[in-house]
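With chain V held as given, fit chain E onto it using these hints.
2 protein chains.
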Amino acid sequence: MHYIQQPRAIEAKSFDIIGEIVSETRPEYRFASPLHEAIIKRVIHTTADFEWLDILWFSDDALQRLCAALSRPGVIYTDTTMALSGINKTLLATFGGECRCYISDPRVVAQAKAQGITRSMAAVDIAVNEAGEKLFVFGNAPTALFRLLEHDVAVSGVVGVPVGFVGAAESKEALTRSGLPAVAALGRKGGSNVAAAIVNAILYHLQGAR
Amino acid sequence: MHYIQQPRAIEAKSFDIIGEIVSETRPEYRFASPLHEAIIKRVIHTTADFEWLDILWFSDDALQRLCAALSRPGVIYTDTTMALSGINKTLLATFGGECRCYISDPRVVAQAKAQGITRSMAAVDIAVNEAGEKLFVFGNAPTALFRLLEHDVAVSGVVGVPVGFVGAAESKEALTRSGLPAVAALGRKGGSNVAAAIVNAILYHLQGAR
Numbered sequence: 163m164h165y166i167q168q169p170r171a172i173e174a175k176s177f178d179i180i181g182e183i184v185s186e187t188r189p190e191y192r193f194a195s196p197l198h199e200a201i202i203k204r205v206i207h208t209t210a211d212f213e214w215l216d217i218l219w220f221s222d223d224a225l226q227r228l229c230a231a232l233s234r235p236g237v238i239y240t241d242t243t244m245a246l247s248g249i250n251k252t253l254l255a256t257f258g259g260e261c262r263c264y265i266s267d268p269r270v271v272a273q274a275k276a277q278g279i280t281r282s283m284a285a286v287d288i289a290v291n292e293a294g295e296k297l298f299v300f301g302n303a304p305t306a307l308f309r310l311l312e313h314d315v316a317v318s319g320v321v322g323v324p325v326g327f328v329g330a331a332e333s334k335e336a337l338t339r340s341g342l343p344a345v346a347a348l349g350r351k352g353g354s355n356v357a358a359a360i361v362n363a364i365l366y367h368l369q370g371a372r
Numbered sequence: 163m164h165y166i167q168q169p170r171a172i173e174a175k176s177f178d179i180i181g182e183i184v185s186e187t188r189p190e191y192r193f194a195s196p197l198h199e200a201i202i203k204r205v206i207h208t209t210a211d212f213e214w215l216d217i218l219w220f221s222d223d224a225l226q227r228l229c230a231a232l233s234r235p236g237v238i239y240t241d242t243t244m245a246l247s248g249i250n251k252t253l254l255a256t257f258g259g260e261c262r263c264y265i266s267d268p269r270v271v272a273q274a275k276a277q278g279i280t281r282s283m284a285a286v287d288i289a290v291n292e293a294g295e296k297l298f299v300f301g302n303a304p305t306a307l308f309r310l311l312e313h314d315v316a317v318s319g320v321v322g323v324p325v326g327f328v329g330a331a332e333s334k335e336a337l338t339r340s341g342l343p344a345v346a347a348l349g350r351k352g353g354s355n356v357a358a359a360i361v362n363a364i365l366y367h368l369q370g371a372r
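Protein sequences appear in the order of chains V and E.
So the number in the working numbering is just where the residue sits in the first sequence, counting from 1, plus 162.
So the number in the working numbering is just where the residue sits in the second sequence, counting from 1, plus 162.
So that you can see chain V by itself, here it is in the shape it has in the complex (with noise of 0.2 Å):
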């Protein structure tokens, strides 16, 4: 079988052939900036899906705001360990940031059991109560987006896209009102893969702008 095996090759292809389809199909459409284009297009190229054309919601200082807080130290909080996987650490780390997800820590398990609510609402109550600047990424858990905005504290930035059919879109709806600096999917899609893929597109873009 005949088939390109590099991978660089096959990601600079692939966008071309998103940035083709989207000339062919939706000949109005512009990205409001070439970072929008970036994020966009990254997580059509994750998703097969041109819907993201239309839901993506970016909050008018997200991206001056997650383009700062991941080009230094800080600490990105994720509600699942699918999200965490998808990010690029590596690069992440070359800007001093690092990356959690505590859904599985014995003080997130103790701490749901004990009153009532979701591992990921645990979570969240852990991550906004350590120091230091602080990133949120969702991409499941409607319960985790929901109870960071019942926090009052200062955070440098949330990706905000839980998938679903119960509160998934309450809850970013709840997002875009809250005055944060966010990136949020509108309506029910979303995922972990969504959330990966906006973060490593910034992350591509800061690395491009050394």
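There may be inaccurate statements among the hints.
[Claimed, not checked] Covered by chain V, per the in silico footprint, the following chain E stretches (three or more residues, Cβ under 8 Å):
id : region
1  : 188 to 200
2  : 228 to 238
3  : 254 to 261
4  : 303 to 311
5  : 350 to 358
[To be verified] Using 25 Å as the maximum straight-line C-alpha spacing, the simulated DSS-like pairs for lysine-lysine come out as follows:
id : chain 1 : residue 1 : chain 2 : residue 2
6  : E       : Lys275    : V       : Lys275
7  : E       : Lys175    : V       : Lys275
8  : V       : Lys251    : E       : Lys175
9  : E       : Lys203    : E       : Lys175
10 : V       : Lys175    : E       : Lys275
Derived by calculation from the structure, the hints in this document are not laboratory data.
A virtual CB, placed ideally from N, CA and C, is assigned to each residue, including glycine.
What follows is chain E alone, placed relative to chain V:
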């Protein structure tokens, strides 16, 4: 804020909503079996994308073979750590199974470099030479799926759902013609999250049948 905080209640309600939407929007739609239904609904649950009603392909023997393989000791090889993260490894272990991803294995890194192939391909080369019953779960890398099909090796099942624009559709098309017991995504869509959801749906089915 008021929101449902019980994970099992959230999941059960989500599946009810998915069923209602299918009934309303596709009243003629019929699932081939309760397990087909469980798998397709779990993929929709993880993507919020109802196109999955139409693009998931099952070989005639796929579910029988996958159920048999997952209910006894064996190894699932994934192409990404995201798929590995998403699979319920605790439940898998209760059947004696385990899950491995070799993408960052030093042998894989060295072989890929030496041979000018992708790490995904080198990971498959190592996996097929290991002893024991093997299942392959690919959500990301068409080259992994193409490589597996190049090997003439007995496998207990393949979940082949690489997402993307270069080679993904072709790799899955090749899988449907391979004669292997397989679940495949037709077209561009797929993903590590989808791959994990398919495996988990089968594991939950087996757990319920105990």
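- Query: Failing hints, ascending?
  - Reply: Of the numbered hints, 1, 2, 3, 6 and 8 do not hold.
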